[in-house]
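Q: Top to bottom, those sequences are chains C and F.
In this text, residue positions in the first sequence follow our numbering: the first is 98, and each later residue adds one.
In this text, residue positions in the second sequence follow our numbering: the first is 5, and each later residue adds one.
Quick caveat, the hints were computed from the structure, so don't treat them as lab data.
Fair warning: this is a prediction, and the values are worked out from it, not measured in the lab.
Beta carbons: idealized from backbone N, C-alpha and C, even for Gly.
Some hints could be false.
As the list claims (entries may be wrong) - Straight-line C-alpha distance at most 20 Å; calculated DMTMM-like pairs for lysine to aspartate or glutamate:
no., chain 1, residue 1, chain 2, residue 2
1, C, Lys360, C, Glu391
2, F, Lys210, C, Asp180
3, F, Lys210, C, Glu200
4, C, Lys208, F, Glu243
What the hints assert, rightly or not - Here are the in silico distance ranges between beta carbons for each label pair:
no., chain 1, residue 1, chain 2, residue 2, range
5, F, Glu404, C, Asp314, 45 to 51 Å
6, F, Glu404, C, Cys176, 41 to 47 Å
7, F, Cys419, C, Ala301, 44 to 50 Å
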Amino acid sequence: MAEEAPEDGAVRTLPSLRRLSRALPFGRSHGRLGVSSSGRHIVPALCSQEKADPQKTAFLLRKAWTLYSVTPLYRFRRCRLRDYARLLGAFIAAEKQKGLAVEVGVELDIKVALSSLADLRGSELDQDALLVQHFTCLPLFLTHGPESYTSLVGSWFQKTFDCCFRRLAISPLNLSWMVAMWAGCKLDRAASAVELIFSVPCLAQPLDISYAIHPEDAKALWDTVQKTPGEITQEEVDVFMDCLYAHFHRHFKIHLSAAKLVKVSTAIASAHCDGIVKILHSQYLPGVLMLLTELAISQIQ
Amino acid sequence: MQRRRSSRARKQPLHAHHKSQNDLSAWQKGGTIHSEKSLQSHQSANDQKYDSEGESLEQALSYFEKVQDCAALKKKSVPQKHLDAVESTALKHGLPPEGFEILLHVVLSGKFADTVNIRLLKSLIPASVIPEDSVVKAVSWLCVSKCSGNVELLFLKWMITMFDFIDHKEQLHALYGIFFSFLQDERMCPYICHLLYLLTRKEHVKPFRIRRLLELQARMGMQSHLQALLSLYKLFCPEQVTITLPGKMKTYFKNSEGPWKAAITAIRQKNQGPSSLFQTVFLGTAQPQSRKRKWNAQLVIPASSANTNNLEEDREKKCLYLYSTNESFPLEQLHTFPQLLQNIHCLEFPSQMGSVITNPLLLHYMNCVRDESIYLRLYYWMGQMLQEECTWCMVNNPYEEEFKSFLQTVYKAECFLQEGFSACEEFLYKTLPLWDGFCCRSEVLGLLSWIPLSSFSDIKSYLYDPLAQLFFTSSIYFKCSVLESLKELLQNWLNCNAIQVDLESSSLNTTLSGLVNGVAELVRFVGWISTVGLRLENNSTLLLYFTLDFYETVCDMYLKYNLPLLIMLPAGVFYPALLSMDSVNLNQLCYIMYRYRTNLVAAKENELCKKQMLQFKFSDQTYKVYNQYIIAMVGCLWTSSAFQKDIHPQGLRMDDELLSKTAVKELKNSFNIVYHPAMMGYSIQFLQQLCPDDTTFNFRLIKGKKWNWYLEYLYTQGLKGLKVFIESSISRVSQDSWSKAGNVEA
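From just these sequences and the hints, can you work out the full model?
A: This is the structure:
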């Protein structure tokens, strides 16, 4: 499902693509501090979603999306999307012309469309699994467009469904996961370079270091590192990054491990630590969204 | 109509002259209770005055009621006398309920000139209430517009001001459509809006009315009175109309006071004391924010506002619920506790749960409604807020003061609910290892005292370990604050349990053993950190004070909280307190030992009787340690034999040989109640009083009878702990003899 606000689709919410891994209520059942285990396998759905219709989800590609995490929505009803669209439209109109009342449901110069993208559902089970008591968990919110609209739509969601929006930053650790995963993906056409951008801390002048690798070299390296196809461990990611660092050090005598990884770009997608993501390849769209959803879930717990 | 007739029947009709005079004087006396204490003569003079005033008002009302011939009176022949009578009574005492129908009738039927009508209207000040009938009749006169525009406007203002004095409002609500139709009159529109604002209920909000208001808005532009009414409509039916009010607006109705307010306040104060009748117009939807922050800034606690996410389907479903009625009471109108009680069946939580923590009425309501979704909504919101804004977790967070005040708000809400929030608990577990013990100290320690006792077994690694690390490395003041907070934590656990035991005695066994283990773990933890802390701080008096304060709760757990658990204070606390340099701590120790004794004796008795409801045996170790302490204490303070008799392994026992090497004179009795460093001040003062001329301070004088006098002296100095200790734990052969014998009973 995606939420689309003002005309040129400024704001969209994406669904939780996988069910909540554990019950949220009071979050005390297991591992309350959310310590992530060192070995996780995220990849299964990363490759190939045959049934996805590229036409319907094409709007998601090649745009810089700003990421937010959203706590579970209270009293959200899937069957009510049209009502929500009317209310949100009237809300935006009323906010834009402060002080003048707006009747809900009349023709406005602002149009809101809320629609559900069935293609993005991870599996048949997901929809039901999303409901946690009276709540609906749609933990990832992507926006593209002017901040003024984002804030209107976001605050409407916050007020209407009693949820909290937080910017979703991506840690250097997660960026290294992304680059390792995406570097290893098979592509049928000529791919662009794998690029890592580092920022050197504690300098008077900001200094960024860009480290570009030929995609085939990156894939070859990853293939030698990965032990079991379809599964990635923290250890493998560390080895992959250490190899890249060692190579760089050999040539430039710079320890990249001491710098902060701020951005990674691959042919699949690019991600910035501030929480801005651009997805480039439709085939891997669901996989990338799944990964982001997982990050969002860990932020709201 | 039914009600009207009956009210008429109860009251004497005004035509019966002498009877209604009784009525009036009764009303006047009711209004002058305050003068009861005044002198007799004064009062009778007053009465006479009132009587004569009442009479003239009576005549005036009767005159105005009978006036028929308007044509003749329209000019000059208005009897000034009657007008004056009405005015002066109204301003002094207010008018009786019966007067309003007559006078409103006169005013709105246009019998007199405007000057008269306006003067009459201005004096329509109620002494008690205004009958609804009189207002309804007046409105019907308004519809036929016999009076001038100015009078109409003044009448509307009067209605707005007097709205709260009208005794019933059902019929007025029924006239909603009539009032609404007056909106088209441009002069009346602002006043009608205000009146509608006071009258509107949910069932009045209809699509055709919304459209009418929007048309007016389109014609007249942004008008504050229309905005106010429309936002009230939005409040009731957010799915039909919406409006965002500009942030800076403060007053929506400029005309609300009229010429009456001062007079009403004066009369009210005279009759009943200060009144709280004038409530400010609510409209709490647009809350001004101190600083501009991002739209999703977590620290902005949302304003209480009715839930807008109620579409038709929801409402249909809700009709099935037993207690739900069609109308719901908007939170914006909830200001008083009686309102909460009256509307508790049709209240709904605000659209953003976070706002309850600043609203005591909603916290009360929360206490009544045990719906898990309430707690979940709060949990999600608060969790995000605490994480995002925590000043010691987020680098460069410039909002420390705001975060501090947020934590204070949360803590206050917890105290109000007598319950911790689970989001806070998690927050503390996550962030205590990162905390410097300085930032927002009192707030964090406050939240700490509300951590719920749970079966969660890792409390040691999440709470005690990081806390101990901070405790040992921080200042003495921090140590004291931690001990105080842990004392509150212990009390909160014990109190919660006491309530739960009352509520559900069935599941007692499971919760009780959990509680006992949790409490025991906490008490042992405090025993450990306070022992180490006292050593680190050289047995500081201040730290000792806070430590003993904690044990004041511990020693009474069995009797006061019905908990089958008693844990003795550790030797590392007992001996520093026993040998303390100041009497406050020594006295406190005596009190604590007395309470331990009382609790242990009660436990032993219950054990013997076997009728004890909680089968629980205190370990023999507890009794053993208690006895060792008592021997040491009595030996020290009373029998001067501590160095010989103390049998505690960490105690004071010392060989005579070793003692003699110290070359201290009077060594044996150096810790009894005369020579003890904490008591020396008292014994010196006692001696001074006993023999004022002797400056040698011969302490050996305090024996025999004087020993008893000295004890009495100590008791009068406020050493109550010492008193109860000596009276309970030391049996004295005879009150007169000064034989000192320790007797340990437990």
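Q: Which of the listed hints are not met by the structure?
A: none
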